[in-house]
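Peer 1: Okay, here's what each chain looks like letter by letter:
Protein chains: 2
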Amino acid sequence: MASRNMDLSKPPKVLPRVIMEVTHAVERTEMIYNAGQLRIFDRLSEAGRPVNASELGKAAEVSPECYGHMERLCCTLTHLGLLEKIVDETGMKFQNTEEAELYMTTKSPYSLLKLTDAARHNFDIAEFMKGSGVGDTTRTWFSDVEENNKAFKEVFFRFNRYYQKQDAYSKTCLHLLKAFDLSEFKTVVDLGGGVGSVCRALQRFYPGMNVINLDMPCVVDYAKKQEVDQQLDKLNYVAADVFSDEPLPKADLYIVGHFIHMFNDDVTASILKRIRQFIRPGGAILILEKVMEDEMEGPELCLLYSMRMALSSGRGKERTRHEYHQILTDNGFDVPQFFIDNGYGCYDAILAKKL
Amino acid sequence: MASRNMDLSKPPKVLPRVIMEVTHAVERTEMIYNAGQLRIFDRLSEAGRPVNASELGKAAEVSPECYGHMERLCCTLTHLGLLEKIVDETGMKFQNTEEAELYMTTKSPYSLLKLTDAARHNFDIAEFMKGSGVGDTTRTWFSDVEENNKAFKEVFFRFNRYYQKQDAYSKTCLHLLKAFDLSEFKTVVDLGGGVGSVCRALQRFYPGMNVINLDMPCVVDYAKKQEVDQQLDKLNYVAADVFSDEPLPKADLYIVGHFIHMFNDDVTASILKRIRQFIRPGGAILILEKVMEDEMEGPELCLLYSMRMALSSGRGKERTRHEYHQILTDNGFDVPQFFIDNGYGCYDAILAKKL
Numbered sequence: 001m002a003s004r005n006m007d008l009s010k011p012p013k014v015l016p017r018v019i020m021e022v023t024h025a026v027e028r029t030e031m032i033y034n035a036g037q038l039r040i041f042d043r044l045s046e047a048g049r050p051v052n053a054s055e056l057g058k059a060a061e062v063s064p065e066c067y068g069h070m071e072r073l074c075c076t077l078t079h080l081g082l083l084e085k086i087v088d089e090t091g092m093k094f095q096n097t098e099e100a101e102l103y104m105t106t107k108s109p110y111s112l113l114k115l116t117d118a119a120r121h122n123f124d125i126a127e128f129m130k131g132s133g134v135g136d137t138t139r140t141w142f143s144d145v146e147e148n149n150k151a152f153k154e155v156f157f158r159f160n161r162y163y164q165k166q167d168a169y170s171k172t173c174l175h176l177l178k179a180f181d182l183s184e185f186k187t188v189v190d191l192g193g194g195v196g197s198v199c200r201a202l203q204r205f206y207p208g209m210n211v212i213n214l215d216m217p218c219v220v221d222y223a224k225k226q227e228v229d230q231q232l233d234k235l236n237y238v239a240a241d242v243f244s245d246e247p248l249p250k251a252d253l254y255i256v257g258h259f260i261h262m263f264n265d266d267v268t269a270s271i272l273k274r275i276r277q278f279i280r281p282g283g284a285i286l287i288l289e290k291v292m293e294d295e296m297e298g299p300e301l302c303l304l305y306s307m308r309m310a311l312s313s314g315r316g317k318e319r320t321r322h323e324y325h326q327i328l329t330d331n332g333f334d335v336p337q338f339f340i341d342n343g344y345g346c347y348d349a350i351l352a353k354k355l
Numbered sequence: 001m002a003s004r005n006m007d008l009s010k011p012p013k014v015l016p017r018v019i020m021e022v023t024h025a026v027e028r029t030e031m032i033y034n035a036g037q038l039r040i041f042d043r044l045s046e047a048g049r050p051v052n053a054s055e056l057g058k059a060a061e062v063s064p065e066c067y068g069h070m071e072r073l074c075c076t077l078t079h080l081g082l083l084e085k086i087v088d089e090t091g092m093k094f095q096n097t098e099e100a101e102l103y104m105t106t107k108s109p110y111s112l113l114k115l116t117d118a119a120r121h122n123f124d125i126a127e128f129m130k131g132s133g134v135g136d137t138t139r140t141w142f143s144d145v146e147e148n149n150k151a152f153k154e155v156f157f158r159f160n161r162y163y164q165k166q167d168a169y170s171k172t173c174l175h176l177l178k179a180f181d182l183s184e185f186k187t188v189v190d191l192g193g194g195v196g197s198v199c200r201a202l203q204r205f206y207p208g209m210n211v212i213n214l215d216m217p218c219v220v221d222y223a224k225k226q227e228v229d230q231q232l233d234k235l236n237y238v239a240a241d242v243f244s245d246e247p248l249p250k251a252d253l254y255i256v257g258h259f260i261h262m263f264n265d266d267v268t269a270s271i272l273k274r275i276r277q278f279i280r281p282g283g284a285i286l287i288l289e290k291v292m293e294d295e296m297e298g299p300e301l302c303l304l305y306s307m308r309m310a311l312s313s314g315r316g317k318e319r320t321r322h323e324y325h326q327i328l329t330d331n332g333f334d335v336p337q338f339f340i341d342n343g344y345g346c347y348d349a350i351l352a353k354k355l
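Just so you know, the sequences run in chain order U and G.
For the first sequence, position 315 (counting from the first letter as 1) is numbered 315 according to the UniProt record's numbering, and the numbering increases by one without interruption.
For the second sequence, position 328 (counting from the first letter as 1) is numbered 328 according to the UniProt record's numbering, and the numbering increases by one without interruption.
Keep in mind that the hints were calculated from the coordinates and are not lab data.
Do not take every clue at face value.
The list makes no distinction among identical chains, and a pair is therefore deemed to hold if it is satisfied within one copy or across any two copies.
Said to hold, decoys possible - Using 30 angstroms as the maximum straight-line C-alpha spacing, the simulated DSBU-like pairs for lysine-lysine come out as follows:
#1 K13 / K353
#2 K234 / K186
#3 K354 / K273
Chain U on its own, in the form it takes in the complex (with noise of 0.2 angstroms):
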């Protein structure tokens, strides 16, 4: 393979096709992102029946001579499946699909404008690996955290971009709180939970369950300042660290979401004991990560998140089936349950009961 003789009388025979498929990757998420900006999706919303091109162009004040580029972004969002196209005699008319009604609007509960913000920017693996410190800035967090919750803090103010992103993930989650059912749980406390999403799906599917939302003080104050910002009805919230030893509250559930694959098999394993303390008899803990296949040959979206664990963190990873079965027998819970989310997602669903 690697002494292959390039004949170069002819032309390859094999074309770069993941090559040239990975680079225009970027120019996908600039037109999901751009037609965000333009405020595309929310127009099409708003307006309530198919549109045109200059009119989206005209309600976004752009130049007369740019109608024409607005219909070629809509016909690539149709192409990509964010838009439906809808030709008549008087020309193209567009309107949302029903994921960009969902997901990419402002007024839904579930928009996901924000990722598509925080899904531009590069990261550098080989400065990381190279040691020289100038990395994903996340990196130096949750390092941090653990000795530090001062700085910790203080890096957070500055970029709560970080927080939007997260909270963009945790609602692709959602569906994921079916996986199993959860209603003999009384009391579920979010360990992480941000600014909410989790806690309020919660309250809506299980009407009567105690829901705790519990994270860091300095995210619980940025949490409630949303909260009063976007006019959402209140939470019960803790101000807590889990690396300190302040009791948790008691409860029949912990979540922990996007939160274990941040840590190495020492600190998760510390981690889930501390946990288990304070959940009660009979009561269990639910994971939502993503499992990697054995052999970490897939699915894509874990081997990427486990990258960016490495970065972001400096010691995290996502883990095989294998290894969640390992850490949580080995740290006081029953042999989980699985729920693969096949075809999708940024989590799969682990539930655990506390021996």
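With chain U held as given, fit chain G onto it using these hints.
Peer 2: Chain G only, in chain U's frame:
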């Protein structure tokens, strides 16, 4: 659609598949870009045998605690199809796939390494459409070039990354030079040939063909410097400006690749007329551009390019088969023959005889 009532007591039935797929795409680009930065593909090629992640890590001078991250990155590249994984009793080893060997190594004449860097940059469609004029800088180049070569020359040297990117793209079309039998053409001019990838391929595929690389004077200077730096065989160059009144060299075939799509129909028509003047009787024009499906429904790459052309030139666009037919027959060429490169690529091929 737009007035859909969202039932918040249930998780949405439609999941954000497109949005998550598209927003994660940036990470795939980062993986292959960073693998290039860490010289993974080069080292596997040089080793001539499967290599494990620790060895790759050591060679790249990453900190030893990152060898595990290196393995994770290699697993991700395996999933993407750029590496092959061999597992034996000593663990995982990796080697380049044929695609990686051809296109991701520095020494390959088909190397696309520079494209993976160029592909990482955001562009701002929304700002461009709103006319703030701070969109992609390339936009000003092609406006300027028609009026003022000096302005073009100034920006050109500041942004020669642009030319490296164009060169990477042109390497992906070399196989299309075999789409039609070009052996009857004795003298061939590649108009806008840049650093000469297409010309070099033509010389290899058609020994004896007289090949001329024609571009702006500043580009020819740059190309000649590249030739010296990289110890390449010398090409025939002509420095000329297609927008001036200077004569162009007579030829049997003019090739224009990633060129026509930068201009609106009026400018394109004038370019075609001017080129036609210098094609000998019996000669032809070979256009290398992606052909848009009718109704602008695809292919995706063509939709993405069309938007980028709007941004980069302020007036460019990709054209349908019908539009190419029209503009060529209106400007003194015979009914064009199309070679549509289904399933792949930045380019299709369109050959039209001079009438």
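Peer 1: Now tell me if each hint is right for this structure.
Peer 2: Quick rundown of the hints versus the structure:
{"no.": "1", "hint": "K13 / K353", "verdict": "between (55 angstroms within a copy, 29 angstroms between copies)"}
{"no.": "2", "hint": "K234 / K186", "verdict": "within (19 angstroms within a copy, 79 angstroms between copies)"}
{"no.": "3", "hint": "K354 / K273", "verdict": "within (10 angstroms within a copy, 79 angstroms between copies)"}
Violated hints are absent here; each numbered hint is respected by the structure.
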